[in-house]
Amino acid sequence: MSTEFLTIFKIIVSAAFVDNIILARYIGLCPYIGMSSSVANSIGMGMAVTFVMVLASIVTWILWNYVLVPFGLEYLRIMVFILVIATLVQLVEILLKKNVPNLYRAMGIYLPLITTNCAILAVTFLGVDYGYPLFQVVIYSISVALGFTVALILLAGIRERLRLAKVPNFWQGYPIVFIATCLLAIAFLGFKGLVK
Amino acid sequence: MNIFLPTILVGTLGLAFGLMLAFFAKKFAVPTNPLVQEIERLLPGANCGACGFPGCSGLAEKIASGEASPNACPVGGPRVWAELSRLLGQESGSWEAKRALLLCQGGEGIAQTVAEYEGVADCKAAHLLPASFKGCRFGCLGLGNCVKVCPFGAIHLDTESHLPVIDWEKCTGCGKCVAECPRNIITLVPKREQVTVACVSLDPGKEVRKLCSRGCIKCQLCVRTCPEGAITFENGRIVISREKCTLCGLCVEKCPTHCIIRVGEKLALLEVKG
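Protein chains in written order, with this note's numbering: chain C, 198 to 393; chain H, 4 to 277.
Honestly, the hints are just simulated from the structure, not real lab data.
Some clues are possibly wrong.
Computed beta-carbon distance windows for the label pairs [claimed, not checked]:
(1) C:204 with H:41: 54 to 60 Å
(2) C:369 with H:130: 18 to 24 Å
(3) H:208 with C:240: 52 to 58 Å
(4) C:231 with H:257: 40 to 46 Å
Lysine-lysine pairs mimicking DSS-like chemistry, simulated, CA-CA at most 25 Å apart [unchecked claim]:
(5) H:213 with H:151
(6) C:294 with H:101
(7) C:295 with H:30
(8) H:65 with C:295
(9) C:294 with H:194
(10) C:295 with H:194
(11) C:294 with H:30
(12) C:363 with H:127
Glycine included, each C-beta is placed from N, C-alpha and C at the ideal position.
Taking the hints into account, I'd like the entire structure generated from these sequences.
What follows is the structure, given as structure tokens:
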């Protein structure tokens with residue numbers, strides 16, 4: 198039991214912080230830069246990503262282990278996984294629109310945005326590559342999404358303060374955001390070696 | 004043989020997902036107002052947000068519910084307004100075309116120049132300086148930022164006065180010069196004949212008299228002259244109400260510094276006295 202718990206704890210820490218999907222793996226940078234203009238927006242995006250990431254990794258894990266591997270069709274996984282993710286996002290959008298219109302309106306543009314987000318695809322691949330059982334895949338995807346959200350909120354906080362800062366003209370806008378991202382990534386380097 | 008399995012598998016998966024989506028889309032369809040879709044179809048669809056609502060669909064909803072006026076889309080202009088009005092069965096009225104107008108007559112020889120400016124020939128740069136090379140803190144610097152920014156070539160600098168002249172035939176009222184001018188001297192006005200005060204100075208009359216012979220000295224003679232009561236003195240500036248003004252021209256006659264000008268429908272300056 199305690200070894201089981203330790204494995205899960207390891208997965209959480211390594212996925213959320215040590216191998217942070219954005220700041221250590223550099224995946225999913227477009228929504229990271231695009232959606233981090235305000236803290237409220239970034240929380241909405243984080244929620245949407247968490248939701249889709251967990252669902253997508255469960256469905257792709259099942260497809261991978263019970264369809265693709267038995268038939269020897271591993272090379273088709275990009276196609277199949279993207280199909281799954283796109284369908285899921287659409288489905289979630291339809292269901293939310295009908296049942297939780299408030300949440301749908303709050304998520305608004307973020308949901309379709311993550312349809313082809315590389316972070317989601319990467320998590321489904323990695324979950325499968327690490328050979329986790331289903332329960333651990335769920336934990337893994339939740340932790341990755343947590344790391345994504347944390348990084349997003351951190352940058353959003355910085356950007357909200359940057360708006361008041363006196364930035365040289367040639368650094369205004371995205372350049373200074375990229376510099377802030379670099380510094381954040383360097384800070385996250387401090388987690389390296391935390392989990393053996 | 005090997006090609007059939009993946010083809011069938013991916014095909015089945017795609018078909019299954021597609022059918023599932025189609026089923027759910029039907030089952031959980033949210034009824035939307037058909038009028039909203041009609042309105043959205045007529046809007047430009049650029050989702051620019053210039054109307055103040057989140058995208059064209061946001062504006063379409065507001066127009067359908069009557070919270071926004073059908074002329075709320077500045078991009079679509081009169082054409083979209085007319086189409087929307089037809090759709091909604093409303094009168095469209097006439098679209099008020101706008102034109103840019105320079106509210107300063109302090110050119111060479113009229114406004115004082117107190118120093119020689121040798122910096123970058125750029126109004127914004129000159130405006131950054133703690134003091135103005137022209138005596139007036141409010142007047143036109145005449146370095147031509149508006150000329151450079153105008154995408155229609157409607158502005159040129161007058162050779163004598165070094166003030167920008169706006170050609171209302173070429174001007175489209177896009178407002179780029181309004182945003183560019185560091186001293187906020189250019190404004191957008193309706194394209195029709197009108198009387199306006201061509202001075203934005205907030206300095207007291209005594210100061211203005213020293214610095215410029217065409218500045219508003221706040222004597223308020225026009226306020227007393229106007230038979231319609233269209234002219235008021237508000238927050239340190241003379242304001243002429245376009246609604247009340249009958250274009251009688253009495254204020255233009257009386258103004259001791261000739262800073263009230265009559266602006267025509269075609270030419271920017273119709274009548275300048277003195």
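Results of checking the hints against the structure:
Range check, residue 204 of chain C to residue 41 of chain H: about 58 Å between beta-carbon atoms, so the 54 to 60 Å window is met. A beta carbon spacing of about 19 Å between residue 369 of chain C and residue 130 of chain H agrees with the range 18 to 24 Å that was offered as a hint. Remark: the range hint 52 to 58 Å for residue 208 of chain H to residue 240 of chain C is upheld by a beta-carbon distance near 56 Å. Under the hint 40 to 46 Å, the C-beta atoms of residue 231 of chain C and residue 257 of chain H, about 59 Å apart, miss the expected range.
The suggested pairing of residue 213 of chain H with residue 151 of chain H is violated, with an alpha-carbon distance near 31 Å, which exceeds 25 Å. Proposed proximity of residue 294 of chain C and residue 101 of chain H is contradicted: the alpha carbons are some 42 Å apart, above 25 Å. Straight-line distance between C-alpha atoms of residue 295 of chain C and residue 30 of chain H comes to about 10 Å, which keeps the hinted pair within the 25 Å bound. For the hint linking residue 65 of chain H to residue 295 of chain C, the alpha-carbon distance of about 21 Å falls within 25 Å, and the restraint holds.
A hinted pair counts as satisfied when its Cα atoms are at most 25 Å apart, and residue 294 of chain C with residue 194 of chain H does not qualify at roughly 46 Å. For the hint pairing residue 295 of chain C with residue 194 of chain H, the CA-to-CA distance comes to about 48 Å; that exceeds 25 Å, so the pair is violated. Distance hint between residue 294 of chain C and residue 30 of chain H is fulfilled; the C-alpha atoms sit about 12 Å from each other, no more than 25 Å. Under the criterion of a C-alpha separation no larger than 25 Å, the hint pairing residue 363 of chain C with residue 127 of chain H is consistent with the structure, at around 18 Å.
In the structure shown, a violation is registered for the earlier hints numbered 4, 5, 6, 9, 10, in ascending order.
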